[in-house]
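Chemist: These are the residues of each chain, in order.
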Amino acid sequence: SAVISQKPSRDICQRGTSLTIQCQVDSQVTMMFWYRQQPGQSLTLIATANQGSEATYESGFVIDKFPISRPNLTFSTLTVSNMSPEDSSIYLCISSQGNEQFFGPGTRLTVL
Amino acid sequence: GEDVEQSLFLSVREGDSSVINCTYTDSSSTYLYWYKQEPGAGLQLLTYIFSNMDMKQDQRLTVLLNKKDKHLSLRIADTQTGDSAIYFCAESKTGTASKLTFGTGTRLQVTL
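So the sequences go chain by chain: A and B.
When the letters of the first sequence are read in order and numbered with our numbering, they come out as residues 1 to 112.
When the letters of the second sequence are read in order and numbered with our numbering, they come out as residues 113 to 224.
This is chain A alone, in the form it adopts within the complex (with noise of 0.2 Å):
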């Protein structure tokens, strides 16, 4: 199994700024995601994070809003850019090896 690890836990941040989320694995895996969690909603995936390419995407999700690097097969960040309240949630990471998948414990951001 892998053991995932996010940064920071919890953030408070103002509109207009930008918050960047890491997301660190300590094993190699194939795949990583980025999904968010709005208060009393069900989890959205946002991308799919591609290891030395650009992210896939969903649908209503765009890079420009969501920046997200993989530079290897551990680590990935998730980038919040120029935050609204509408952007508080929880995002979380999950990792895919095999048929498991492997969540992150969730950051919690919330915008004033």
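Calculated directly from the structure, the hints in this document are not laboratory data.
Some hints here could point you the wrong way.
Just the calculated beta-carbon pair ranges, DEER-fashion [claimed, not checked]: (1) B:Asp181 / A:Ile12: 28 to 36 Å; (2) B:Ser185 / A:Thr17: 25 to 33 Å; (3) A:Ala2 / B:Gln192: 26 to 34 Å; (4) B:Ala189 / A:Glu100: 24 to 32 Å.
Glycine included, every Cβ here is placed at the ideal spot set by N, Cα and C.
Take the given structure of chain A and dock chain B to it, following the hints.
Modeler: Below, chain B alone, put in the same frame as chain A:
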């Protein structure tokens, strides 16, 4: 696109059985999962079932899959107060390095 639906709320008495239902639309779903989310916590994988199975039992948990009707259920026997949480079903198209589509979540309330 994929759609995974659940009823929003279920209330049961302690000691009774709980049945949480989930319907999905994508017939190519290969793995179907049940996750538990306690208040303020991350998602915990409870169990999963491969699409060529129709039942899986794990201690107090029984998963039933009706592939024809695209219906998945999670039965919790002898429900305890510690089972109070939100339960998410999820599906993936392949079990290997694939992204998850989550259901809307069912809040289970266990009363004394």
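Chemist: Taking the hints in turn, state whether each one holds.
Modeler: Against the structure, the hints come out as follows:
Hint check: aspartate 181 of chain B to isoleucine 12 of chain A, Cβ distance near 45 Å, so the stated range 28 to 36 Å is violated. About 44 Å separates the C-beta atoms of serine 185 of chain B and threonine 17 of chain A, a value inconsistent with the hinted range of 25 to 33 Å. Judged by the Cβ atoms, the range 26 to 34 Å given for alanine 2 of chain A and glutamine 192 of chain B holds: they are separated by roughly 30 Å. At about 26 Å, the CB distance of alanine 189 of chain B to glutamate 100 of chain A agrees with the hint of 24 to 32 Å.
Comparing the model with each earlier hint shows violations of hints 1 and 2; every other hint is respected.
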